[in-house]
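J.: Using the sequences plus the hints, can you model the full thing?
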Amino acid sequence: MPSLYLALAYLRYHWLKSLVMVLATGLILAVPLVTQSLLTRSQELMTARAQTTPLLLGRQGSAMDLAIKALYFQGQAPQPASMATVDQLWDTGYADIIPLHIRYRAGGAAVVGTSLDYLDFRDFQYQSGRAFSLIGEVVLGSEVARKLELAPGQSLVSQPENLFDLTASYPLQLDVVGVLEPTGSPDDGAIFTDIKTSWIIQGIGHGHDDVIAAGVTPDGVIVANAAQRQFARITDENRASFHFHGDPEGYPVTAVIALPYDHKSKTILRGLFQSPDSSIQAIQPAPLIGQLMESLFRFKAVLDAVVAVVALAALFALGLAVFLSLQLRQAEMRTNYQLGADRWFSLRLVSLELLLLLTGGVALAALAWLTADALVGELVVLLIAPVL
Amino acid sequence: MRLTVSVFILLFGALASSAIAKPLVVAVNSPLAYFAQRLAGDAVEVVMPAPEGEDPAFWQPGSQDIAQIQAADLVLLNGAGFATWLPQVSLRRSRLVDTSAKAKDRYLRGDSLAHTHGGDSHEHGNFASVTWLDFSIASLQAEAIATAFKRKLKLEGDAVDAALASLQADLAELDAAATAAGAALQGQAFAGSHPVYHYFAAAYGLDMRYLHWEAAETITAENEADLAALQGERKADIMLFEFPPSTSAVEAAERGGLRYLVLDPLVNTDADFVETMRQALAALRP
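Read top to bottom, the protein sequences are chains A and B. If you want this note's numbering, it's the position in the first sequence, counting the first as 1, plus 55. If you want this note's numbering, it's the position in the second sequence, counting the first as 1, plus 5.
Derived by calculation from the structure, the hints in this document are not laboratory data. Incorrect hints may have been included.
Stated by the list, open to error - From chain B, some residues computed to sit far from chain A (all C-beta separations above 10 Å):
{"id": "1", "residue": "Lys27"}
{"id": "2", "residue": "Asp60"}
{"id": "3", "residue": "Ala72"}
{"id": "4", "residue": "Pro92"}
{"id": "5", "residue": "Ser95"}
{"id": "6", "residue": "Asp175"}
{"id": "7", "residue": "Gly192"}
{"id": "8", "residue": "Gln193"}
{"id": "9", "residue": "Phe195"}
{"id": "10", "residue": "Glu229"}
{"id": "11", "residue": "Ala234"}
{"id": "12", "residue": "Val267"}
{"id": "13", "residue": "Thr274"}
{"id": "14", "residue": "Ala276"}
Stated by the list, open to error - Pairwise CB distance ranges (calculated):
{"id": "15", "chain 1": "B", "residue 1": "Asp166", "chain 2": "A", "residue 2": "Gly345", "range": "55 to 63 Å"}
{"id": "16", "chain 1": "A", "residue 1": "Gln180", "chain 2": "B", "residue 2": "Asp110", "range": "50 to 58 Å"}
{"id": "17", "chain 1": "B", "residue 1": "Glu238", "chain 2": "A", "residue 2": "Tyr181", "range": "56 to 64 Å"}
{"id": "18", "chain 1": "A", "residue 1": "Ser334", "chain 2": "B", "residue 2": "Thr152", "range": "23 to 31 Å"}
{"id": "19", "chain 1": "B", "residue 1": "Ala221", "chain 2": "A", "residue 2": "Phe299", "range": "26 to 34 Å"}
{"id": "20", "chain 1": "B", "residue 1": "Ala276", "chain 2": "A", "residue 2": "Phe299", "range": "29 to 37 Å"}
{"id": "21", "chain 1": "B", "residue 1": "Ala207", "chain 2": "A", "residue 2": "Gln180", "range": "44 to 52 Å"}
{"id": "22", "chain 1": "B", "residue 1": "Glu161", "chain 2": "A", "residue 2": "Gly163", "range": "50 to 58 Å"}
{"id": "23", "chain 1": "A", "residue 1": "Gln180", "chain 2": "B", "residue 2": "Thr225", "range": "54 to 62 Å"}
{"id": "24", "chain 1": "A", "residue 1": "Asp146", "chain 2": "B", "residue 2": "Asp166", "range": "20 to 28 Å"}
{"id": "25", "chain 1": "B", "residue 1": "Glu161", "chain 2": "A", "residue 2": "Gln91", "range": "52 to 60 Å"}
{"id": "26", "chain 1": "B", "residue 1": "Glu238", "chain 2": "A", "residue 2": "Gln209", "range": "53 to 61 Å"}
{"id": "27", "chain 1": "B", "residue 1": "Ala276", "chain 2": "A", "residue 2": "Gln209", "range": "33 to 41 Å"}
{"id": "28", "chain 1": "A", "residue 1": "Gln106", "chain 2": "B", "residue 2": "Ala207", "range": "48 to 56 Å"}
The beta carbon of each residue, even a glycine, is placed where N, CA and C say it ideally should be.
T.: Next comes the structure, spelled out in structure tokens:
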């Protein structure tokens, strides 16, 4: 196979030109493949999450805000509903009810206050540690644990909502007791805790620490030190002193997931909140997210057209480069002929070179596509989450 | 041969059935544990996790207790703020049963005086929580447990209903006995050694005020001063103790001009609730 040998030798000798050709071909092929993969997978992920959440309830307002917040922990927080709604739903006996409180952040991740039922509902598996069992304990999504380099036994502090509001929520130390296995969903980027812990961050519940004594007066009165702790901490010593104020039915919840026992229960539950006077809305996330996906995919059609035009232009540029290269190699072709090569030899040689370049480009595109496919879960979370 | 096969099948069946774990039901106090056991019999394993001698209302569970409670198929709560550990522990709401939810509009305010006994300082919360001493509320609590057994543990409905009817009949009998005792004690003013009789007093018409005495412990000068203050406001005739009082407590009550009776709320005991309460109510009648 002298022509293969010579083709390889040529490509090796002109390695920079060959590399550029392979990269260009690879990119032309990879961009639509990777885009398609990302969009398809993101649609699957978002739709699957919506489909596995049969019914969402929250205060009247934007249904999309409610769905995005409750399912993906992103976007504008809707006006909170109250625990009275949770109790009302439990009392119907038509569904298992999971409250969600998504208002605060820690280490940049959303703190999702909920009940252990949420961990069962999403079927979480543990990379290490266990579920939260006491107030102040948290379980980290895999991505949060990786980014913050945290493991069970360590802790992080909740972020104040507003640095300039001295009356705002007081930061609370959150003790990590578990890290979840990756799920390829927004749960990877969240921190889960008991909803009571979220209420403590919000200031509805609190404990009583002994003051830091600066001294004692001669008549035995303890003088407190003016020094304040920078954040609250729930310890074995003060845990029992934590309690909540106000009517428990008034405690806030961002959203409520209802898991109806059957189709009839779901229909009845939706019916309960259909009245225009109802302060609570009940939404089915799947059709809602379906509509959002349709909008995104209308955008995808535009993107496809742009990619096609760019790919065509790039192909023309590549064709021109090949043509010009052949023009420059006229003398080489003549020499081959004079050395005894038949008239098809030059055609075979150039064809083989192009085939090898194309193979390299395809291999590169395949590698990019496979890599994107393997990382698509994380990429989708990274790319889509900020948009939401 | 046939006999051998039958014996084998019986043995295998017994082993298999013993290997199938019964649903675990955790009750936060002994009356609820008693109701649960009466309603489900051997179909469930009922546990009241507070150790002997601890008041389940103020007991703090350790990590092993929490693990057991979290693993339970059903956790029977008393409601009305009973069990101060509840706000600190994460539990599956789907497995919780607030047994007094249907009596919420009948909750009574307790006092909120913080005090110490046995080295353990605690504060009685906003609601009085010994709801079961109003036996009509106890009956509602039993009904809530029966409903949860049928709905959540899928126990056989007819058997649970029959057990509930029997238990409610017993509780109705206790209600009648308490009503009779209350009627017989009309005109007498009571001092409760501990604020645990709100529901009993309200349901059966007793004029009751409270001290914070520990019946089994030696009465202090401060305890006696509290009694003197209470007697100064409105003279009580009878002191009602949760447990048979110590000699010190009896003498202090007598010095304060009171005779005493005992009504144990049976909050942490293995005793038969109905039978023990029947005897206690009979002893209340003059």
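J.: Against each hint, give a clear statement of whether it holds in the structure.
T.: Hints and how they fare:
Residue placement check: B/Lys27 keeps its beta carbon more than 10 Å from all beta carbons of chain A (closest about 21 Å). With 10 Å as the threshold on Cβ separation, the claim that B/Asp60 sits away from chain A holds: the shortest Cβ distance comes to roughly 14 Å. Against chain A, the non-interface label of B/Ala72 is violated: not every CB pair exceeds 10 Å, the least being about 7 Å. With 10 Å as the threshold on Cβ separation, the claim that B/Pro92 sits away from chain A is violated: the shortest Cβ distance comes to roughly 6 Å.
A Cβ of chain A approaches the Cβ of B/Ser95 within 10 Å, the least distance being about 4 Å, so the stated non-interface status is violated. With a minimum CB-CB distance of about 27 Å to chain A, B/Asp175 clears the 10 Å threshold, and the non-interface call stands. For B/Gly192, the condition that its CB be more than 10 Å from all CB atoms of chain A holds, with the nearest at approximately 38 Å. No beta-carbon of chain A comes within 10 Å of the beta-carbon of B/Gln193; the shortest separation is about 36 Å.
Listed as outside the interface, B/Phe195 is consistent with that label: its C-beta sits roughly 30 Å from the nearest C-beta of chain A, beyond the 10 Å cut-off. Every CB of chain A is more than 10 Å from the CB of B/Glu229 (nearest about 25 Å), matching its label as outside the interface. Here B/Ala234 stays apart from chain A, with its beta-carbon at least about 25 Å from theirs, past the 10 Å limit. At the 10 Å boundary, the C-beta of B/Val267 stays outside the reach of chain A, the nearest C-beta of that chain being 30 Å off.
The Cβ of B/Thr274 sits about 24 Å from the closest Cβ of chain A, beyond the 10 Å cut-off, so the non-interface label holds. In this structure B/Ala276 is separated from chain A by more than 10 Å, as the shortest Cβ-Cβ distance comes to about 28 Å. Checked against the hint of 55 to 63 Å, the pair B/Asp166 and A/Gly345 fails, with Cβ atoms roughly 45 Å apart. A beta carbon spacing of about 44 Å between A/Gln180 and B/Asp110 contradicts the range 50 to 58 Å that was offered as a hint.
Separated by about 59 Å at the C-beta atoms, B/Glu238 and A/Tyr181 satisfy the suggested range of 56 to 64 Å. Restraint check, A/Ser334 to B/Thr152: a C-beta distance of roughly 29 Å satisfies the suggested window 23 to 31 Å. Distance hint check for B/Ala221 and A/Phe299: the Cβ-Cβ separation is about 32 Å, which falls inside the suggested range of 26 to 34 Å. Distance hint check: the CB atoms of B/Ala276 and A/Phe299 are about 34 Å apart, consistent with the given range 29 to 37 Å.
Remark: the range hint 44 to 52 Å for B/Ala207 to A/Gln180 is upheld by a beta-carbon distance near 51 Å. Taken as a hint, the range 50 to 58 Å holds for the pair B/Glu161 and A/Gly163, whose Cβ atoms sit roughly 52 Å apart. At about 56 Å, the beta-carbon gap between A/Gln180 and B/Thr225 stays in the expected band of 54 to 62 Å. At about 21 Å, the CB distance of A/Asp146 to B/Asp166 agrees with the hint of 20 to 28 Å.
With their beta carbons about 56 Å apart, B/Glu161 and A/Gln91 fall inside the hinted range of 52 to 60 Å. Between B/Glu238 and A/Gln209, the C-beta spacing of about 56 Å keeps the proposed range 53 to 61 Å intact. Between B/Ala276 and A/Gln209 the beta carbons are some 47 Å apart, a value that contradicts the proposed interval 33 to 41 Å. The beta-carbon spacing between A/Gln106 and B/Ala207, approximately 52 Å, falls within the hinted interval of 48 to 56 Å.
When each numbered hint is compared with the structure, violations occur for hints 3, 4, 5, 15, 16 and 27.
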